[in-house]
Each structure stands twice: as structure tokens, then as C-alpha cells.
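Using the sequences and the hints, build the whole thing.
Going down the list, the protein sequences come from chains A, B, C and D. Just so you know, we're using our numbering here: the first sequence kicks off at 76 and counts up by one. Just so you know, we're using our numbering here: the second sequence kicks off at 64 and counts up by one. Just so you know, we're using our numbering here: the third sequence kicks off at 3 and counts up by one. Just so you know, we're using our numbering here: the fourth sequence kicks off at 391 and counts up by one.
One thing to keep in mind: the hints can contain errors.
The calculated BS3-like cross-link candidates involving lysine-lysine, where the alpha carbons are at most 27 Å apart (straight line), are [as the list claims (entries may be wrong)]:
no.: 1; chain 1: B; residue 1: K253; chain 2: C; residue 2: K304
no.: 2; chain 1: D; residue 1: K548; chain 2: A; residue 2: K518
no.: 3; chain 1: B; residue 1: K253; chain 2: C; residue 2: K425
no.: 4; chain 1: A; residue 1: K194; chain 2: A; residue 2: K518
no.: 5; chain 1: A; residue 1: K454; chain 2: A; residue 2: K413
no.: 6; chain 1: A; residue 1: K549; chain 2: A; residue 2: K535
no.: 7; chain 1: A; residue 1: K360; chain 2: A; residue 2: K473
no.: 8; chain 1: A; residue 1: K310; chain 2: D; residue 2: K548
no.: 9; chain 1: A; residue 1: K152; chain 2: A; residue 2: K518
no.: 10; chain 1: C; residue 1: K493; chain 2: B; residue 2: K253
no.: 11; chain 1: C; residue 1: K378; chain 2: B; residue 2: K253
no.: 12; chain 1: C; residue 1: K380; chain 2: B; residue 2: K253
Hints listed in this document are in silico derivations from the structure and should not be mistaken for laboratory results.
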Amino acid sequence: QDYQPDPNAKPGGNIIVTYKDDVATLDPAIGYDWQNWSMIKSVFDGLMDYVPGTTELRPGLAESYEISDDGTTFTFKLRQGVKFHNGREMTAEDVKYSLDRVTTPATQSPGAGFFGSIKGYDAMADGSATSLEGVTVVDPYTVKIELSRPDATFLHVMALNFASVVPKEAVDEYGTDFGKHPVGTGAFKLADWTIGQQLVLQKNADYWRSGVPYLDSITFEVGQEPIVALLRLQKGEVDVPGDGIPPAKFNEVMGNPDEAKQVVVGGQLHTGYITLNVEMAPFDKVEVRQAINMAINKDRIVQMINGRATPATQPLPPSMPGYTKDYAGYPFDPAKAKEMLAEAGLPDGFETELYVMNTDPNPRIAQAIQQDLAAIGVKADIKALAQANVIEAGGTPKTAPMIWSGGMAWIADFPDPSNFYGPILGCAGAVEGGWNWSWYCNKDLDAMATEADSITDPAKQDERLQKWSDVYMKVMEDAPWVPVFNENRYTMKSTRMGGADALYVDPVSIPVNYDYVYVTE
Amino acid sequence: MTDATLAEGPARPQSALRRLLRRKLAILGMAIIAIVTLGAIFAPWIAPFAPQDQMFDGLTLEGAPMPPGEKFWLGTDLLGRDLFSRILYGARTSLIIGVVANGLALIIGTLIGVTAGYFRGWIGAVLMRFTDLMMAFPALLLAICLAAIFTPSLWIVAMVIALVNWVQTARVVYTETSALAEREFVAAEKTLGAGTARILFRHILPHLVPMIIVWGTLGISTTVLLEATLSYLGVGVQPPTPSWGNIIFENQTYFQAAPWLVFIPGAAILLLALSFNLVGDALRDVLDPTQRGRE
Amino acid sequence: MIEVRETNAGAGLAPEAAQPVLSVDGLTISVRSEGRERPLVSDLSFTLARGETIAIAGESGSGKSLTSLAIMGLLPPPALHVSAGAIRFQGEDLTRLPESRMRAMRGNRIAMIFQEPMTSLNPVLTIGLQLAEAIRAHEPVTKREARARALEALRRVRISEPERRMGQYPHELSGGMRQRVMIAMALALRPDVLIADEPTTALDVTVQREVLDLLRDLQAEMGTAIILITHDMGVVAEMAARVIVMKQGRAVETGAVAQIFSDPREAYTQDLLAAVPRMGDGSGARAASPEAKPVARLRDVKVRFDIRGGILSQVTHRVHAVEGVSFDIMEGETFSLVGESGCGKSTIAKALTGLVPHQGRIEVAGHTMGGLSGAKMKEMRRDVQIVFQDPMAALDPRMRVGDLVAEPLVIHGIGTPEEQREKVAGLFERVGLTRDQLDRYPHEFSGGQRQRICIARALALQPKLIVADESVSALDVSVQARVLDLLDALKREFGIAYLFISHDMAVVENISDRIAVMYMGQIVEMGTRAQIFGSPQHPYTKRLMAAVPIPDPGRVRPPTPRLSGEVPSPVYKLGEHPQRLSLRNIGNGHLVADIGLGGVL
Amino acid sequence: MLAYLIRRLIQAALILLGVSFITFFLLFVLPADPVRQIAGRSATPETVANIRHQLGLDQPFVVQYWRYLTGLFQGDMGRSYLQKTEVATLIAARLPATLLLMLGAIVAELIMGLTLGIVAAIRRGGALDQSLMITSFVAVSAPQFVVGLLLLYVFAVKLSWFPIGGYGSFSNLVLPALTLGIMGSGWYSRMMRSSMIDVLRSDYIRTARAKGLRRFRVLALHAMPNAILPIIAMIGIDIGIFMSGIVVVESVFGWPGIGQLAWQAIQRVDIPIIMGVTLVSACAIVLGNLLADLITPFIDPRIKLR
Ligand SMILES: Nc1ncnc2c1ncn2[C@@H]1O[C@H](COP(=O)(O)OP(=O)(O)OP(=O)(O)O)[C@@H](O)[C@H]1O
Ligand SMILES: Nc1ncnc2c1ncn2[C@@H]1O[C@H](COP(=O)(O)OP(=O)(O)OP(=O)(O)O)[C@@H](O)[C@H]1O
Ligand SMILES: [Mg+2]
Ligand SMILES: [Mg+2]
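Have a look at this one:
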């Protein structure tokens, strides 16, 4: 099944998108910020792709693929005649080169770990090999990838930016500056980049998908305060404010019917949660963790952020496959929470610390949490720190008893339930420097997760999702997290922007799927 | 003592305080400072609500803060807390920063400036090079690093602010002291056998008072805002402890939607700084004997 | 500069003494303070005829400067203002003139030279610009013309190298040269009236001489009427035809100079004239008794100041401020140092009091200076005290005078606070001040009173030697006389020795026992008062003497050669040294240096 | 003069060395690990160790500092950990904008501050003086973010006199420079007022008036240069103070300067960028001070540089 482009779409035009933060790099092996994530998606392609506006996989540079019965060998047939922006045809060699590159430690890719299931990855990671053993070029248009274990998420991994195909000669030419001179096969190519000011992507006339993109070019202006971006949008100078509607203006925009019409609302693969460090007393007691879960007034927090989210019941967001629909989560019940604390031997509560990243609205949310905890006798000191310091504290043993995740994690890399487990709830992440900030390590669950991910047969997809659902339900029993809310997405666009609403809340392309939107004038 | 000295009584000039109290603006300034200080001290009794209380009716259903009104005199903030109570409690922090930290910076700056300005030679050279070095640091960066290394708390923040803010004072005091050290009355004191400490504290320091007052009063706003910047960067006073500065910074993007959240604490800072300036100006005139008879 | 202007056409050609160019009528200047009006100048009247010079004399603070400022319309608002009377300039009342008309008048028709040549020129603008702008402010001339006329004006005041001066800044000029520039500026537009407020008080005798001569010549040439303000009766006698004597804001006596000098009617005028030190009548001085021991011995004292430059800021030049000076001061003796500005007098005073490091040997009351420990130094300082030239500068303006005088007692830990206060009160009475003034601040005293306070402070420790560095130069004659009397009385009473530094030869002659004449850091002549004043040997000494104005209107001064060069500078490159003079004893301890030092002499 | 310059430059180099050492040390002890930022959330401990080794962050402090220093002497400021780009390139791309903004701000604050100060000095004690005093306190107490947005809202959005942010032309510069300059103008007006009052009392001003010069000429030519002397030294100090304002102002106006770069780098412990920005701004401050010192002799001929 493929996407049906909008029949009314008109080619041509330029749109202006703004961001506050600068774009760090367009190197697909490195870029991991949400600004460059979607830009890289438009400049590069991977073997796999998603149907625009959905979480459904579709083939990308691969025309088709085959999975062996044991789920460990993937054979991709490449499209022929796909040209890089430098004019050379893309071949299987490029695919292999790209995967080797992203897994080589010298590249310092933050996404290397996603490829851990490919045979030979460990040898790459410790530097003893220079090429992935499991990736073989069968012929110029066929590439075979062997895994060391069955991995049901592997097709999603191949749709990640990190798996984008890059031409070796361009990487060699620019070396570490490849990120500033990207060459890919995508719908757009980089036309101009004035550091700190703007970045212009230009339509790739030779794009292998026919008919798209519609836009002639996209200008990204960086360093723009969201409030100012909104003012410019209202004056018609900007088409999409990349950072969304600033909280300070949210009520004003939504209260104005004309402006509210320009807003597209959608879900997002996001969960905001509090980690409870199970290695630190008293969070080592499950009753305490459950009590905390019952103490948080999620509705109030959602109200405080102007209702831009829905209260969460579990780690997975509702739009994620594997979400347990009939699970109501812990009820908000401070009285019960207090009782449970008393049962755990803490009738007078206790003192603890809540780490939080220092950008609005996170300190505010932390203060709301703090107040809820105070109601059951738990006195939490807030430590609002720079992102890097919070991450540092989370990854250091017995340092941060509680962390509010906002601003740092967790928008899914790909729409699969496994993405919410490994590094942030599994044992693998519960190490020094890891991202499992609750230090929750349940071997049984790890085993269940591995089992689930070994079910590669598409026919058994439901069984797999059920397994994942079970995993997360078990997690909720042990309560290392307090899932607080799932953020919604509010994308604002200028009146001249066309294309289905789904494109503006595309779950994998934030803020907009650039390849398919168009302008109406 | 003898009758003669008693008889001098009326001729003896009135105390500085008495003369200060004759000035209307100075009294206004002192009154405001007193109100702020008392408000800070007695905040628990005056404040209608606890400063960290996030009240249910403090937010609209859409999550917007309440404008000033009957229940919340100065309105509420984004978490539904009473702004008036927060301003009262915030005065504690801001007074400590604006008065203690700023005062400490002034003292350090003055000491270093005076020492360097009076003792030429290597002591002066070393101190001034050190000052140059400190001046070459982007102050904010230094503050961020220092505050991040020591876990942030009100007193740490106050120290950090004092540590980065003395530099300009030192520079200016240095220049002034160098000039004073050349004045004839200093030479005259030396020939009387006056020791260095005596010359510095009895004769040079009093002449620096007017300048120190200008810097000190202008410095109040600057330090209070610096504390806010630090809070904003997460290396300042930790939430939910209010300070005038961090109330502004937390809410500055809302200055249109909820102007009271920015302009009321802003006015408080301004008022405090202005009051100190009024008192300072008056104090300067009162302490300056050459101004006597010209009031 | 030949030009004819409507208003004063022919003024120089046919001076009509009877027609006043300026008349002041019942002028009262008041200050508004604490809501009350207090008159500072009351009911002052006088007229000034074309080409005439009138002097206003009187003690400090008598309202001389205020009167001149009132004429210029420059009283500092809002406190000071003319509260009654009129100032008529060619029939127009200046006090009623709007500011724009008054501005047109200033500099053009009425010009003024101020008391302080050092601070009256803008330090950041060139001389040429400051001159030219005065011309351009009143006459529509091009920049080039204005410059040409400025240069012309500089030539007229006989400044050396006028072209170069045009591009120089005030600090690059000596005091005398600056005063010439001020005069050039004032006279560039040939004003009808020139007000000169103490034009020479701050200057050396030699320079004073030149400036006075210049003023007189220029007046003769241009026919400008001059109001000369001064407290120096010698200057009055030499320059003016008529004199107004002021006291406490009132004119106490007005008349022709000859008549006032010969037959003063008012008691105050008589006092004033009596107080004028005259050369050749020094009476009270005694020669030191031969058995007297020296309190201070200076042997080959040198003081040099380093001037740094270069990348490592190494010493490249040195100021040889004092270059091998030797003399003794005996107990109970007044030893005077005279010489032009910059010759090193103050530096010797500073070396003697330990304020600057020196080479050579200085012994004071048995202590050898240099390398003294802190405690020893403090002890030594009990024996030498210094009284500076400017009493205001020497007193910390933020302390009460009682505390200031008690300072030395506190520092040296003498007595309890009560005893100290008693002692200070006693000292106050001794120098002629009252107890109830103890709690006032320095600015609340007159200059003379302040100097007494300084003297009281110097006396507090009962020193053996007091260094008086120009201690009376800034005081007006009557006050000066009182202070000198005080010094003399103290000398008799306590046997204090003085090192007296002054450029006023008349004062020096009156009080000294022995005198040393300095030039460029070295002594050129030394001897008893009789030797120096009776038979000056060195040409430099002679020149100093000749420059002194004589308070006798009848006396006609013999023409002196005019010099306009600068005093040569005592700055030498590292390694170079000034030529050392050797002193010859020409009998009875009268020492004279070899003649022929420097180009000027 | 040349000798003076050389001596000052040597001094400046020493100061920069000190700044680099202290900053490097502070960043070394800072409780945040850049490697974790680089490695991402899916990294294994081996990967982290590997990256740490590649960057040399496992070496002792002295070795790391020495390496940085030697690199610096060869003109190498290192590579950004996260942007994977030469720091020199990043800074070079953004520095002109920041310098331009600072220059604009200095001009703005001088124009505003000096004018207000002079007016207050002339009208000393009057109602205008009092209200100008309050104005200067408002200027000093106003948070720059709010000032910036207010200016933007009024002059760009409502009145359309200036563009809403951006970079390139003079009209882009006006509002940000004004915002940054407002705080300084408060300080300057106070300084200028007292300095001007002193100067107006001086003898040479009386002389100028006695010459019959126009009031304007007396103020502009005779009083201003003298009154401004103590102010010039402040300008050098100012550049340091600007650094914090620049972060805010640049983001409000979308001004592509180093403030934003620094801000992002601090958030994510991108040490090479923090070091680079610190050194560059220290350089600016030191040179600013030097420049101020070099200018003074032109205004005041009494001052000789030695
Ligand atoms: N701005 C002022 N405010 C109040 N009183 C003043 C002011 N200026 C001068 N006076 C007073 O006016 C009186 C006359 O001052 P003036 O300057 O005319 O004295 P003078 O005769 O020129 O003395 P000197 O010889 O010391 O220059 C003095 O008592 C002085 O204290
Ligand atoms: N600290 C110093 N550094 C450099 N040169 C100095 C210093 N003090 C004095 N001089 C120079 O030393 C020389 C002698 O100065 P001194 O003050 O002793 O002269 P003076 O005879 O007291 O003159 P006056 O009559 O003007 O007071 C002058 O050329 C002066 O410029
Ligand atoms: Mg006078
Ligand atoms: Mg002298």
C-alpha cells in the first residue's frame, strides 16, 4: 500500500520554517536533534520509509525485501537508477558503506547502538573490525543483512535516519564536515547554508519518487525566538514556526477562531514521565513507588500546560502499537498514597530530590509535582539544571532519586513498542552513563522483551504486541516510572500551506513532512 | 567633662542621622526599604497564602493565570500561586542578593581597588592584573560554571554574584584611589607618622563613599537581575523559592498574556533600587561636610 | 592689526578721561540659601574711564572676584545673583541685558583673565583653537583669518615660538606662558574693558614681573581700560592709577593710588599697607649663635625621579630634581630656600620629611634618614613637621579640624582622649583660634585660619624643625603678616627651627636668618640674610630680587631685560648628568656658585 | 607608543592564557560529561569509553590543557563535540554579527546615556533631572527579554518601522542594538551626569563662557570631551557585561551571533565551543579595554601612553 498524493497539489513555491536552535549537522549518522531529524529525512533516504502521516512502514530505496523464516536474514532489492545529488547512481556498495560508517566508533554516531542486532556489530564497536560482517553486497542492486538474533524492529531500524545511504566519495571529500555538505538521494538537496542564519533546501529535480516534492525550496531560518516566529507568522512572513506555538501564546492563538484554524492537532509518540531511582531508598520499596504514582495529579499538570497533553497511564503513548487500551493506570488518590507510605514504614513521608531540565515549562511541571508530593508528606527539593547536567546525574549511580523527563526524552525514534524499553527501562540502560534513570533492571522482563522482538513473522504481529503490552503492564506493577502525560502536537501553518492535516502532524517527520506539503498560491 | 564642652552642645553639629531625617526624599526611600524589609521578615504573617501553594482556583480552566482581583490581589502565576505572597517571600531572596551580595561585591571591589591604587609596586600590579583577568571573563559564563560546580543554593548564588560583580567596582575605585593617594593631605598624614591602615580607612575610604553609593545603588538592579538570569539557567535559587528576578524570568514570555507577572516584580525591583538611591544620595550629601550649609 | 570699529573708534587716539566706559552703581550681590538672602557684596560703586587702570584690593573673600563675575554676567546661577544696583557699560545696564546680548558683549567688549592660569584653559583643546574660537565667536571671519589673528595676538604677548604654541595644548606650556595665552585671548578683540582677577598670584616673581610689564605695554598700545584685582599692594602700586579697597563686600576706601599709599584714611587700609612686607627692612632676624647645634644636616642630597618607557617599561630618563645639595639648619634658626618654580625646593622638603626617597645623607635631630624601620621613622617624624603651601589641600576635607589637629597625638598615642582634646584646644588658642571652632570642617575657615590649623597640627608634637613649604604664599597680605608673626613668636617660644620655602623675596628677607638660592636642583648662592640681600653675587639671585614689585607708587622701576624663554628642564637621559656647580666661599660663609650655569643666565 | 602597544599586547596574551586555564579547569571539574551527549542513549559503555578515548577526555587535566593550548597556538580551536565542525569556523561565521551588534549597542548606549546625562547635569536638581534619574533606573532594572519583545512588538509589528528580527541591513540592527544598549544607557547617564557636573564647575568652562561662546559650543566642544574621559574606561568594561545580554537579545531578534552558539554549547557541555567563545569574548574585552586606553590620549592630550 502506498500513499496517494493530494490531487490538488501544485508544484512550486518556497516556504519559510523557523527554529530557535541552530541546526547542528545534516550528517545522517550524527544528527539526532528534532530540528535536523526531519531535514535529514528530506535530504537522505534509507532502505525503508514510512507512509506519510502514518507510522506504517513502506519500502524506500529498497524496492522490496525478503525476510528469512528465522527472521535473521534480510535481503533488500534496491531500486535502480536512483541518483545521489552528485549525479552518481546509488548501489548496494553504498548501502554497505553507509552501515559500516554509522557503526564505526570513529564516526561517533549516537545511533550506532540501533544496529546492535546486525552480525558483526560487536566487532565494529570494539574496533576490531572495519566492516560489518553481516552485511554483504550480493550484486549492485541487492544487499543481504544477517542478524545475530531475530529482531522484529529491524525494518524500523532501517527506516531510521542513521541508516540513510550516503555516497562514500562525498564523505571522503568533506570528511568530518560532511554534515555541512550533505549529499544524499532525498527529495531535497542543500542549496545554501549560512551558519547561524539560514539553510536552504532545494528541490531535487531527479528525485526517484515521481511527482514529489512539490516545493521548489524550503528556507529554514534559525535563531528565532518562538514568540517572534509567531508574530512573523501572523504577519505572513513565516509559514511554519518549527518550535510550535509558544506556551505564552497558546491560549491567545486557540482563542482566536481565525488563528485556531491554522493549527493542526495530532498525537505524538511522546510520554513525559518521572523516574524513581529503584536503587535509592526509599524508592527501593515498590509500595513507595506506587504511592508516588498515586500522588501525582496529572489532570492538574495537563491543565497547567494549557491542556496540550493527555494524562498518561503507562509508558507507551496511545498512538503506539502495543498500547494497553483498557489499562486505567494508577488512580489519583493521595489518601491511599499516604496509607501506602505508612505501610512502607514512612508515615511521615521523606525527603528527596527532583531533577529537572531548566527550560520552560519543565521547572513549572516539577513544581506541580513537588506540590503533589508535599500533599502526601514527601518533601522534594527541585534541582533545575542544564540538560547536560541532568543527563549526567541520571546516569550516575545513586545520585538522582527522581527525574522529570521533560525536554530530554522521550520521543520515539521509531514507532515500535520496543523503542520505549531497551535503553530506558531495560537492564542494558541501567549502567553508569546509561539512560535508564530509574535504574530498574528486571531480568525476567528483559527476557520477555527479547522474546517479543524475536517474533519477526508479520503474521504474528498481534502476538508480539501483546507480549510488549504485558511487559509494560509488568513495568507498571513495579512502578519505576510515573507516566505523567502524552504530549499532543500543535503545528501552526500559514494560510497558504496546503496538504492533508496528517502531513502536519506526521509522527516521524516533525514538524512537517516536507516532501508532500505544498503552497496554494 | 568640663562645662565648656557641655556648653558646646548646641554648636556641635547634629548627627548625620538627624540631618538625614530632615530630607523628605530620603525618608520616603527609607520608608520603602523598611516596608520591603518588614514585608520580607514578616512574610509568613502578612502573606495571604503560602508562596508555593498552587491553588485550584488560581488558574482558569484553560490553565491561564488569574489577573489581579479580589482574592488574589496581584493575581496568580502560571502555577496558580498567589503573586502577592510570592512577591513578599521573594523580597527575602532579592534583598539578600541586592543588598548582601551586591554589598559584598562592593566591599571586595573597594578593598582590592583601594589596595591596588594605594600600593603601587608589585602588590598593586598583581591585584590589577588579577582584576583585568577577572574582567576578561564573560561574567555570566563564570557565574554559570561556579554555580554549576557548587550545588546551587541562595547563599552560593549570593557568593557567586559577589565574586563576579566586584570587578568593575575595583577598577573604578582603583582609579579614584590612585588620584587620592597623590593628594596633599595624604602626604600630610604621612608626615605625621600615620600608618597605612589609618590613611586608608580614615582618610581615603571616606572620599570614595559618593562613588560607592552610585555603584552600589545601580548595582542592586543589576545583581537582582543577574540572580534571575542564573535561576533561569538553572544555576540560581531553586524553585519554588521565589525571588523578584526569577518571577520575572519565569514569566517573561507571558508579558502580554499576563503582564502583572512581569511588571509587578519589575516595579518592585525598580522601587527598591530607587529607594536605595534616594537614601544613598541623601547620605552622600549628609556625610559630605563640604555640603554643609548648602542644603 | 589695524581696524576701526564703530563703538570704540578713536578711543585710543583721543582718550577722554572724564567719560566713563563702565560704571558700577550701588551693586549688591546676594546669595540665596536656606530661603534667606545674604548679601556678599553690598552697595559697591565705581567708574572706569577709557584707558584707565583701576585696582580692587582687599583681603581674601572680600568680594573682589564676585564683582568681576557680576560685570561679566557669569555669576553661577541660581544661588548667586545681582540683587540691586546697575552695571552700565556705555550707557547700557548689563544686569538687565538678555543672555544673547550679554554673550555678544563677553570677550568682545569686556574680557576677563582669571585667577588660575593653570585651570582656566581647556586641557583638551589646542591653544590655537581656543584663541581662534574667541575671535570667531564675535566676528564673521574665516577659520584661516581667525588663525592668522590668533597668531598675531600671540605675537603681541611676546610668547616664544608663537607658531608652535598654536598647535600645543595647555599642559605643554608653563604657567607664565599660559597666562600670556589668557591675555592674548582676552585682548585679541581689543575689548574696551579688561578685568584681570589676580593675574599673577599663582606665578613666580620673575614670571609675575613679565606678565605685569606685558599688561602695561598692551594697555598703552590699545587703550583698554583695566580692572586689576589683587591683594598684592606692590602690584597695585606699580600698575594702577586708582584703587578701591574692599572689606567684607564693601568698598572701605577709594582714591588715587599715590594718595592712598601716602595717606590712608581708613584703619583697614592702614593695616593692609602696614602688613605689606617690604624689602630692605627685615628687622627681627638674628644671626645664629655660633654654639648652636644643627637640627638638620644635608650632605650631597640627590633626588631623582624615574621616567619609564619602552617595551619593558624600563627607566629611560630621569628628573634630576635635587642634585647634590648640602646645608645645615641650626637650632632656632630660620633657613630659607628661594628659587623659581620647579627648581627643587619642595623636593628637598619632601626628602627631609621622608616623603620621597633620596640619595646622600640627611640627618634630622640625630636620626639618619633612609632605611629607617617603621617605628624609628615614626619617632623621627615627631621631630620634623611640614606645613604645606595650600592649607585646604593639606587638610582632609571630611574631618573636623579638632580631629585633624589631634591626629598626631592619636597616632603617636599621646594622652587620653580628654587630654588630647585639651591639648588641641590649647594649641588652637596658641595660634589664635577659638575652642568652639574645633568641631567645624576645613571649608568653613578662611585661608589664613586654615593655615593656622596646619601650624597648630605641626606644633602638636613639639617638633624641632618645621618645614614651611610656601606656607604663606597663598594668603593675602594681612593674613600673611599675621601668620608670619605667629611663626616668629613660636620660634622664640619653643626654639623651633624653620626651613622656609618661598618665592616671595620680600617675605624671605623679613623672616630669614640664612638663605639658599636654588636653580635647577642646585644651590647657586647661600649665606646670611645680610650677605644675600646686601650683596647678591650670583646673577640669578640678582634677577630674582629685581623682579619683586615694590609697594611704592612713587618709585620708577628701571627697565629690565625681558625674557620669554622657558625654564630649562631638569630631565636627562639615563646616564647623562647635569653639570655640577661648585660653591666658593667668598667670606663669612657666603657661598656663591661659579657663574655661567645654563643658557638663560 | 609602539613599545606601549607591544607591552599591552603581551599583557593581553598573558590574561588570555589565564582565562583559558581557568575556564578549562572549571569545565574539567563541571559535573557533566560531554561524552554521554555525543554517544546518545543507545550507546554501550564500550562505545562511551571509546569516544572518550578518541577525544582524549580520559587523559589527566594537564595533558588535556596542554594539548588544547598547543592546538590553539597553531590556530586550532578544536572541533565541536556535537556539531562536529571546527570551532573556528562556527565562531568566524557568527562573530561579525556579534561585533556589529556590540558596536551598535555601544553607540546606542552612548547616545542615549550621554544625552540624558548631559541634560540632567544642565537641569541639575530640577524636575527633569529627577525624572531622568528615574528613567535611568528603569533602564537598569528592565529585563532585556521584555524590553526586546516590547520594542519588537511596538516598532516592528505594530508600526512596521523596522523588520521583525533578522540580520543584514541597518534597519535590522536598530532594535537589537537599542535593547542591548538600554541597560548601559542607564549607567552611563548617571556617570555622565556627575562627571558633567564637575566639568561644568571648572574654570575653563567659565573661560569659554567669558569668551562669549554660544552655549551649545561650550557644551559640545569644551565640556563634552572632558566629561567623557572617565566614561571611556567604562566602555571596555561594558563589553564583558554585554556578553550575557547578547544571549537574550540575539535570540529575541534572531541575530546570528555567538550568544546563541554559546548558550546551546553550555546547555550541552560542548567544551570546545565554550572554550572558544570564552576566549573570543575575553579577547574582545581585553582589546576593548586596550582600545579605550588608546583612544584617551586623542581626547585628552595630557595622557601619555607609556
Ligand atoms: N557660589 C557661592 N556661593 C556662596 N557664597 C559664595 C560663592 N562664591 C563666593 N562666595 C562667597 O562670597 C564671598 C566673596 O567671594 P570672592 O570670591 O569674591 O572673594 P575674593 O575677594 O575674590 O577673594 P580671593 O582673594 O580669595 O579670591 C566669600 O565670602 C565667599 O565665601
Ligand atoms: N614625583 C615626581 N616625578 C617626576 N618628577 C617630579 C616629581 N616631583 C617633582 N618632580 C620634578 O622635580 C622638579 C622639582 O620639583 P619641585 O616640586 O621640588 O619644585 P619647586 O621648587 O617646589 O617648585 P614650585 O615653586 O613650583 O613648587 C620639577 O621639575 C618637577 O617637575
Ligand atoms: Mg578671588
Ligand atoms: Mg613647590
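Subject >> Distance restraint between B/K253 and C/K425, which requires alpha-carbon spacing of 27 Å or less >> reply: holds, 21 Å
Original post:
A/K360 and A/K473: Cα distance at most 27 Å?
Top reply: holds, 15 Å
Original post:
Given the hinted pair A/K152 and A/K518, is their alpha-carbon gap at most 27 Å?
Top reply: With a Cα-Cα distance of about 38 Å, the restraint between A/K152 and A/K518 is violated, given a limit of 27 Å.
Subject >> Pair hint A/K310 and D/K548, alpha-carbon separation not exceeding 27 Å >> reply: Holds: A/K310 and D/K548 sit about 10 Å apart, inside 27 Å.
Original post:
Straight-line Cα separation of C/K380 and B/K253 no greater than 27 Å?
Top reply: At roughly 9 Å apart (the allowed maximum being 27 Å), B/K253 and C/K380 satisfy the hint.
Subject >> Hinted pair B/K253 and C/K304, Cα distance within 27 Å >> reply: Within the cut-off at roughly 21 Å; holds.
Original post:
Regarding the pair A/K549 and A/K535, is the alpha-carbon distance no greater than 27 Å?
Top reply: holds, 21 Å
Subject >> Given hint A/K518 paired with D/K548 - CA-CA distance at most 27 Å >> reply: Given pair D/K548, A/K518 is violated - Cα atoms ~62 Å apart, limit 27 Å.
Original post:
Quick one, are A/K454 and A/K413 close enough, alpha carbons at most 27 Å?
Top reply: Between A/K454 and A/K413 the Cα gap is close to 13 Å, so the pair holds against 27 Å.
Original post:
Holds or violated: are the alpha carbons of C/K493 and B/K253 at most 27 Å from each other?
Top reply: Cα-Cα ~24 Å, so holds.
Original post:
Does the structure keep A/K194 and A/K518 at a Cα separation of 27 Å or less?
Top reply: holds, 24 Å
Original post:
Hey, C/K378 versus B/K253, does the alpha-carbon distance stay inside 27 Å?
Top reply: holds, 14 Å
In terms of the numbered hints stated before, the structure departs from hints 2, 9, listed from lowest to highest.
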